[in-house]
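Asker: In case you want the letters, here they are:
Number of protein chains: 2
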Amino acid sequence: MKFTCNKSDINEAINIVLKAVPGKTTMPILECVVIEAADDELKLTTNDMSLGIETRLSANIEEEGIILVNAKMISEIIRKLPDEDIYFESDSNENILLFCGKAKFNLSGKNHEEFPMLPKIEKEKKIVISQFTLKEMIRQTIFSISNNENNKILTGELFEINGDEFKIASLDLHRVSIRKIQLKESYGDIKAVIPGKTLSEVSKILTGGMEDEVEIFFTKNHVLFELGKTIIISRLIEGNFYNINQMLTNDYETKVTVNKRELLNCIDRATLLLREAENKPVIMNVKNDEIKMEMNTKIGSMDENIGIQKEGKDLRIAFDPKFLIDVLRVIDEEEVNLYLFNAKAPCFIRDDNSYIYLILPVNLIDN
Amino acid sequence: MKFTCNKSDINEAINIVLKAVPGKTTMPILECVVIEAADDELKLTTNDMSLGIETRLSANIEEEGIILVNAKMISEIIRKLPDEDIYFESDSNENILLFCGKAKFNLSGKNHEEFPMLPKIEKEKKIVISQFTLKEMIRQTIFSISNNENNKILTGELFEINGDEFKIASLDLHRVSIRKIQLKESYGDIKAVIPGKTLSEVSKILTGGMEDEVEIFFTKNHVLFELGKTIIISRLIEGNFYNINQMLTNDYETKVTVNKRELLNCIDRATLLLREAENKPVIMNVKNDEIKMEMNTKIGSMDENIGIQKEGKDLRIAFDPKFLIDVLRVIDEEEVNLYLFNAKAPCFIRDDNSYIYLILPVNLIDN
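The listed protein sequences derive, respectively, from chains X and V.
With our numbering applied, the first sequence covers 166 to 532.
With our numbering applied, the second sequence covers 166 to 532.
Hints listed in this document are in silico derivations from the structure and should not be mistaken for laboratory results.
Keep in mind it's a predicted model, so treat the numbers as computed, not measured.
Take the hints with a grain of salt, since some may be wrong.
Said to hold, decoys possible - Calculated Cβ distances over 10 Å to all of chain V for the following chain X residues:
#, residue
1, Lys245
2, Asn271
3, Asn507
Claimed, not checked - Derived DMTMM-like pairs (lysine to aspartate or glutamate); straight-line CA-CA distance at most 20 Å:
#, chain 1, residue 1, chain 2, residue 2
4, X, Lys267, V, Asp468
5, V, Lys425, V, Glu443
6, V, Lys267, X, Glu301
7, X, Lys172, X, Asp213
8, V, Lys267, X, Glu500
9, X, Lys349, X, Glu301
10, V, Lys267, X, Asp468
11, X, Lys345, X, Asp491
12, X, Lys452, X, Glu403
13, X, Lys275, X, Glu254
14, X, Lys172, V, Asp497
15, V, Lys394, V, Asp377
16, X, Lys245, X, Asp174
17, X, Lys269, V, Asp454
18, X, Lys237, V, Glu443
19, X, Lys463, V, Glu427
20, X, Lys267, V, Glu427
21, X, Lys245, V, Asp377
22, X, Lys237, V, Asp433
23, X, Lys394, X, Glu206
24, X, Lys269, V, Asp468
25, V, Lys345, V, Glu330
26, V, Lys463, X, Glu196
27, X, Lys445, X, Glu459
28, X, Lys420, X, Asp354
29, X, Lys369, X, Asp468
30, X, Lys245, V, Asp454
31, V, Lys463, X, Glu259
32, X, Lys487, X, Asp517
33, X, Lys452, X, Asp491
34, X, Lys291, X, Glu196
35, X, Lys245, V, Asp433
36, X, Lys189, V, Asp433
37, V, Lys332, V, Asp497
38, V, Lys267, X, Glu455
39, V, Lys172, X, Glu455
40, V, Lys245, X, Asp468
Positions of the beta carbon are idealized from the N, C-alpha and C atoms, including for glycine.
Just chain X, same shape as in the assembly (with noise of 0.2 Å):
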């Protein structure tokens, strides 16, 4: 194999597939990237067993062929190369040759036949959306995951669209988060559980771009999003989600509609008299037109009064201030309003299109 190719393209490149090469693995084949040349183009491939991701850059192709070799050896080398264009060769006893500006490298590379290539992937269910709108959506919902590998179902993130909705809900044993959109076409009915660690790495390579769409493709075990000459592959998780829809309501006996930043930086400095594994809730004393938020721990306690405009009767509500803190970072509007019922039903946090949140309280007596 003979190729040269531009220093930034495959960095860039390599950046892309290392997101799928393994932190810890008992498989050394699987911290290798494939590089394969043919066609005026260079193709990598990565895949951890349940994440793979396959880009492709254009090169100057002398000699078709494939390799594989250790992908942060070759990235950090890469990286540091001159930005000058780099020079590969390999030979069939798996030795690799690199030049780039007055610099020789020589390494050795693995036998790519014992690489596992990505499976082959039917595309025919599918979804559009724009690349902005998938990484927000990623964003505000993927912080409620449970971690527990015990209950796997919960580690990943619910797909659902029907028709021209698409909805994307986690949730743990205190909260429920659940983001919607309309999409632009309408499309069948789909659902599916994506591993939340195939979307954290999804949304580290989607551009954010308005403009830049992403194809989702369906299967009965695997998602595929195509963004421009990337694909990343994922399996998905088997098994029925949850029923959210049963857990929603839109009732409530008391709105509250206050400052999202002011609730937000509130609970924050509330938290500072938390030492690490401490577990104090915050009190919201709702009351006329105010929350007197308060704290109290081992080191201190503090208080705080909070303006709000509010609709039906007064409330006294505990809450772990991290699932609030969650909530409130990812909601872009300036104002949110909460739902309650009573001291021991849970508060939900939404608007009338895009978003639902919903957080168990803590119980007062306990407290």
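Start from chain X and add chain V according to the hints.
Answerer: Relative to the frame of chain X, chain V by itself:
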């Protein structure tokens, strides 16, 4: 005690004194900051027993007094308060009340009488230099202090003043770094060994401004840095520093002049072939008007030619790449001069007036 102060003023002051708060300590009182209100000023003091910092800021004092409070906690609370004035109040039971905007905090202080206040330093022997220069001199020498606490003297840096000549030096078993400047005035003869930890904290507090000055006072056991409203007091390391002058020479057999950036980047690339604990030298083949740099490791090999100007004979010599990188990173000049004798003698990297670095080579036969 009662006072009101500007949030960003006290925030800045606390960030300065935090540098003498120990990360881990068996004496929890050292994790505290003393806040003293008197004469329209606040004075903040911290002390980890080898390093102490005191800084002042203006405040509106309603009632004079003194409090002792956990430094990290109070700094985090202040940092997250709204950008408004902060009101502090404390009673005789060490309870601290803090108001800012609509937020109110209750915190417990400690008895300030148990805190080890800073020693009184006689301000007799001193020098004055610009903060920029001192910061640079520390940066350009501190990397070669030793971490070995068994040879305490090498964990510090020598500050030596002879008339108007000021020299900072550090050394470990493999190398020596010396940085010299000419002072504006002539001072007496001073010699002191200052702990590396002190210098790295001082360096962070120095503004780096050309116009800002720092006064350095020396006593038998202490050094005091005075910069604006802040003073930093440190113990000196006892004992005699190595006689550096007898390690130096102006002779050489080979003089190599090379572009610093090119040499540094090449060595940097060569180290990419080193896996974690691997300890292979970079080999320099000085021949005619080129250095051929070579590195051979388990992973592979690299070589690269760099153009040079040379006086004297050809030479093959090997170095720990880290030591060369450390020196080349802190030299600001575009070109450097290497002075060499043979494969077993030290390499000198020096200019006429301001710096001398000495690096021992690695035995080539072993590799």
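Asker: Going straight from one Cα to the other, do Lys349/X and Glu301/X come out at no more than 20 Å?
Answerer: Holds - the C-alpha atoms of Glu301/X and Lys349/X are around 17 Å apart, at most 20 Å.
Asker: Tell me if the straight-line CA distance from Lys172/V to Glu455/X falls inside 20 Å.
Answerer: Outside the cut-off at roughly 25 Å; violated.
Asker: Compare the distance between the alpha carbons of Lys267/X and Glu427/V with 20 Å, and conclude whether the hinted pair is satisfied.
Answerer: 11 Å, holds
Asker: Would you mind confirming whether the straight-line C-alpha gap from Lys425/V to Glu443/V stays at or under 20 Å?
Answerer: 25 Å, violated
Asker: Do the alpha carbons of Lys245/V and Asp468/X lie within 20 Å of each other, as the hint requires?
Answerer: Distance of about 14 Å is within 20 Å: holds.
Asker: Does Asn507/X really sit off the interface, with its C-beta more than 10 Å from all C-beta atoms of chain V?
Answerer: Asn507/X clear of chain V: closest Cβ-Cβ about 26 Å, beyond 10 Å.
Asker: Assess, step by step, whether the Cα of Lys369/X is no farther than 20 Å from the Cα of Asp468/X, and give holds or violated.
Answerer: Status violated; Cα separation ~39 Å.
Asker: Does Lys267/V pair with Glu301/X here, judged by a C-alpha cut-off of 20 Å?
Answerer: Roughly 33 Å separates the two Cα atoms, so the pair is violated.
Asker: Is the Cβ of Lys245/X more than 10 Å away from each Cβ in chain V?
Answerer: 5 Å, violated
Asker: Taken at face value, is the distance from the CA of Asp468/V to the CA of Lys267/X at most 20 Å?
Answerer: With a Cα-Cα distance of about 8 Å, the restraint between Lys267/X and Asp468/V holds, given a limit of 20 Å.
Asker: Taking 20 Å as the top limit, are the C-alpha atoms of Lys332/V and Asp497/V close enough?
Answerer: 18 Å, holds
Asker: Measure nothing beyond the straight line between the CA atoms of Lys291/X and Glu196/X; if it is 20 Å or shorter, mark the hint as holding.
Answerer: It is violated: about 31 Å lies between the C-alpha atoms, which goes past 20 Å.
Consistency note: the structure conflicts with the earlier hints numbered 1, 2, 5, 6, 7, 12, 14, 19, 21, 28, 29, 30, 32, 33, 34, 36 and 39.
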